[in-house]
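Peer 1: Residue strings, one per chain:
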Amino acid sequence: MEQPISLKENFFKGIIKENPVFVLLLGCCPTLGVTSSAVNGLGMGAATAFVLVMSNLAIALVKNVIPDKVRIPAFIVIIAAFVTVVQLLMAAYTPALNEQLGLFIPLIVVNCIVLGRAEAFASRNTAVASMIDGLGMGVGFTFALLLLGTIRELLGNLSFFGYKLVEADGILIFVLAPGAFITLGFIIATMKWLKERESKRTH
Amino acid sequence: MAAAKSSFLNLVITLTIVTLVASLSLGYVYEWTKEPIAEAQMAKQLKAIESVVSGYDNNPVLESYRLPTPDGRDSLEFFPAKKKGELIGVAVKTKSSKGYSGDIWLMVGFNVNGDIQNIFVIEHKETPGLGSKMTTPKFLQQFMGRNPATMKLTVKKDGGDVDAITGATITTRAFSGAVQTAHETFKKSTVNGAAN
Amino acid sequence: MEYLIIIISTIFINNIVLAKFLGICPFLGVSKNTSTAVGMGAAVVFVMTLSTIMTYLVQHYILLPLGIAYMQTVTYILVIAFLVQVVEIILKKVSPDLYQALGVYLPLITTNCTILGVAILVIQNNFNLLQSVVFAIGNSVGFTLAIALFSSIREQLDNADLPEYMQGIPAALITASILSMAFMGFAGLV
Numbered sequence: 014m015e016q017p018i019s020l021k022e023n024f025f026k027g028i029i030k031e032n033p034v035f036v037l038l039l040g041c042c043p044t045l046g047v048t049s050s051a052v053n054g055l056g057m058g059a060a061t062a063f064v065l066v067m068s069n070l071a072i073a074l075v076k077n078v079i080p081d082k083v084r085i086p087a088f089i090v091i092i093a094a095f096v097t098v099v100q101l102l103m104a105a106y107t108p109a110l111n112e113q114l115g116l117f118i119p120l121i122v123v124n125c126i127v128l129g130r131a132e133a134f135a136s137r138n139t140a141v142a143s144m145i146d147g148l149g150m151g152v153g154f155t156f157a158l159l160l161l162g163t164i165r166e167l168l169g170n171l172s173f174f175g176y177k178l179v180e181a182d183g184i185l186i187f188v189l190a191p192g193a194f195i196t197l198g199f200i201i202a203t204m205k206w207l208k209e210r211e212s213k214r215t216h
Numbered sequence: 015m016a017a018a019k020s021s022f023l024n025l026v027i028t029l030t031i032v033t034l035v036a037s038l039s040l041g042y043v044y045e046w047t048k049e050p051i052a053e054a055q056m057a058k059q060l061k062a063i064e065s066v067v068s069g070y071d072n073n074p075v076l077e078s079y080r081l082p083t084p085d086g087r088d089s090l091e092f093f094p095a096k097k098k099g100e101l102i103g104v105a106v107k108t109k110s111s112k113g114y115s116g117d118i119w120l121m122v123g124f125n126v127n128g129d130i131q132n133i134f135v136i137e138h139k140e141t142p143g144l145g146s147k148m149t150t151p152k153f154l155q156q157f158m159g160r161n162p163a164t165m166k167l168t169v170k171k172d173g174g175d176v177d178a179i180t181g182a183t184i185t186t187r188a189f190s191g192a193v194q195t196a197h198e199t200f201k202k203s204t205v206n207g208a209a210n
Numbered sequence: 085m086e087y088l089i090i091i092i093s094t095i096f097i098n099n100i101v102l103a104k105f106l107g108i109c110p111f112l113g114v115s116k117n118t119s120t121a122v123g124m125g126a127a128v129v130f131v132m133t134l135s136t137i138m139t140y141l142v143q144h145y146i147l148l149p150l151g152i153a154y155m156q157t158v159t160y161i162l163v164i165a166f167l168v169q170v171v172e173i174i175l176k177k178v179s180p181d182l183y184q185a186l187g188v189y190l191p192l193i194t195t196n197c198t199i200l201g202v203a204i205l206v207i208q209n210n211f212n213l214l215q216s217v218v219f220a221i222g223n224s225v226g227f228t229l230a231i232a233l234f235s236s237i238r239e240q241l242d243n244a245d246l247p248e249y250m251q252g253i254p255a256a257l258i259t260a261s262i263l264s265m266a267f268m269g270f271a272g273l274v
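Chains as they are written, first to last, in the numbering used here: chain A, 14 to 216; chain B, 15 to 210; chain C, 85 to 274.
For reference, chain A alone in the conformation it holds in the complex (with noise of 0.2 angstroms):
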């Protein structure tokens, strides 16, 4: 299965295609809960691409000497032990943003999208490409969080980046609940309306 493109069709595919958040609809907890502002949503995001890029790139190394059986219990050790070092690292010279995602960060341990990660790519792939697998997905996920984080924080609270465009209050609801839940209905609905624009074109 050796694709002379793979490495850069690997990245992209992340992104675009599969995009973790949109199209595969995994890791949708923190999609939801830190995007009520831009900041946090891609503090989540990188957060989460650390653990992916180096929970890929160990699982990849050591896949041959796991026994299939005890495979899934390693792997979470190993993703549950890098999500650990994010959040030190984090309390410690990113306190603010720590605080701001609070329990969200020791929750990418349960995020699908990296025990799926490892599971469907690293275990059965080279630790290059687990990498490039990793990154890319992990800047697909970041990149979705940052859509919903600015539209989320531009209407509800007219800011952008903590930065406010005009003086006045936004549609509260934007930065609450519901509005989280909205706004990712409104985003995979346009998704879903291009696609169907586009493969009516296409026939």
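Careful: at least some of the hints might be erroneous.
[As the list claims (entries may be wrong)] Residues on chain B that point at chain A, a partial pick, calculated with CB under 8 angstroms:
1. 25
2. 29
3. 32
4. 33
5. 36
6. 39
7. 40
8. 41
9. 43
10. 44
11. 47
12. 51
13. 54
14. 58
15. 137
16. 141
[To be verified] Pairs of lysine to aspartate or glutamate residues, derived as EDC-like cross-links and limited to a Cα-Cα distance of at most 16 angstroms, are as follows:
17. B:58 - A:112
18. A:213 - C:248
19. A:21 - A:31
Hints were generated in silico from the structure; no laboratory data involved.
All C-beta atoms, glycine included, are put in the ideal place defined by N, C-alpha and C.
Once you have looked at the hints, place chains B and C on chain A.
Peer 2: Only chains B and C this time, still in chain A's reference frame:
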């Protein structure tokens, strides 16, 4: 080879090794980040103290102590601000669990007479745009320079002196309650002469 | 009284799915019909209560005395994965009926973030053991309520005449938004 690997002993050994390596490396990272984490926490406390009491020359965090609240169910952290060894004010870290979501942590600065110097919101998870307005100067101003002995720390709706944030009465109640607890604990400490 | 407040606040005001955004994956994935949703909910109530007790004990009798609180995430997820396995085995032996009802949902629970989330929240809130148990029960019942309500709406939604790009997930998310708005009405109840 794959079949030989699946013996029970092998499974246990692999898992143990994976866990062991993970814990050892985490221990290393923990040692490495221990100091920066402690520093970040110290900086956060100092920043809160700085904004509620002023003119001190000691490190209030190093001299902090805890005092029980009057109802005895909790204890609050006191940070004494001193100038040339003389007490000029106290920053009291107080909290309320009665907010809209999660705990609200405040730092309340008193001078020696018990007047509120300033209040700093350390941490909260209130609704952005509603309860979060408790961090704005517009809301906090009404407490500055007031003494809770004469200012009734309940919302106007409940017969007190506090102007509630529009649409966030629950947050305002929780906020006022936390300040009240800080004041009562502070007052008790000075009556007993425990403040030093 | 204190326990009643915890129960009401976890089920209605700070509903774990609709206000705290935990357990969204099963909320969207296992809510196509009401009976599976209720089955999943029951399994969550069972596992969450047990795992919260276990992780509480691990935290206070192993991690804290040894000074290795930073191992929290690793040990908790292992405890939960182990517990789910044990529950599955015991249930199969002791109560085949219950196993039939809950069995298929058990493997899905390890990666249900409500379980790990509640285990960590209990520690962050400095609860004692009894408060933790009440908190776990409240949250898992809140999860069941949200997913059961949601699935009964989705069953009706299948009959609605929607444009193709709104069908499925987009419609479900917008419904969840309205449900979440309705739950905001509980604010200020306690």
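Peer 1: All the hints need checking, so say for each whether the structure fits it.
Peer 2: Outcome of the hint check:
Against a cut-off of 8 angstroms between C-beta atoms, the interface hint on residue 25 of chain B holds, since the closest Cβ of chain A lies about 5 angstroms away. Interface hint at residue 29 of chain B: satisfied, since its Cβ lies 5 angstroms from the closest Cβ of chain A, which is below the 8 angstroms cut-off. Taking 8 angstroms as the C-beta cut-off, the interface hint given for residue 32 of chain B holds, the closest approach to chain A being about 5 angstroms. The beta carbon of residue 33 of chain B is positioned within 8 angstroms of a beta carbon in chain A (closest approach about 5 angstroms), and the interface hint is therefore held.
Of the supplied interface hints, the one on residue 36 of chain B holds, with its beta-carbon coming within about 4 angstroms of a beta-carbon of chain A, less than 8 angstroms. For residue 39 of chain B, the interface hint holds, since its Cβ comes within 8 angstroms of a Cβ in chain A; the closest pair sits about 7 angstroms apart. The interface hint given for residue 40 of chain B holds, since its Cβ lies 5 angstroms from the closest Cβ of chain A, which is under the 8 angstroms cut-off. Given hint, residue 41 of chain B at the interface with chain A, is violated; its Cβ is 10 angstroms from that chain's nearest Cβ, farther than 8 angstroms.
A least Cβ separation of about 5 angstroms between residue 43 of chain B and chain A falls short of the 8 angstroms threshold, and the interface hint therefore holds. Hint status for residue 44 of chain B: holds, given a least beta-carbon distance of 6 angstroms to chain A, under 8 angstroms. The criterion of a C-beta within 8 angstroms of any C-beta in chain A is met by residue 47 of chain B, whose closest approach is roughly 4 angstroms, and the hint holds. Checking residue 51 of chain B against chain A by beta carbon gives a least distance of about 5 angstroms; that is within 8 angstroms, so the hint holds.
At about 4 angstroms, the closest approach between the beta carbon of residue 54 of chain B and any beta carbon in chain A falls short of 8 angstroms, and the interface hint on this residue holds. For the restraint placing residue 58 of chain B at the interface with chain A, the shortest Cβ-Cβ distance is roughly 6 angstroms, inside the 8 angstroms limit, so the hint holds. Interface hint status for residue 137 of chain B: upheld, as the beta-carbon distance to the closest one in chain A is roughly 7 angstroms, under 8 angstroms. Because the beta carbon of residue 141 of chain B sits about 6 angstroms from the nearest beta carbon in chain A, less than 8 angstroms, this interface hint is met.
A hinted pair counts as satisfied when its Cα atoms are at most 16 angstroms apart, and residue 58 of chain B with residue 112 of chain A qualifies at roughly 12 angstroms. At roughly 13 angstroms between alpha-carbon atoms, residue 213 of chain A and residue 248 of chain C fall within 16 angstroms of each other, so this suggested pair holds. The hinted pair formed by residue 21 of chain A and residue 31 of chain A meets the criterion: a straight-line CA distance of about 14 angstroms does not exceed 16 angstroms.
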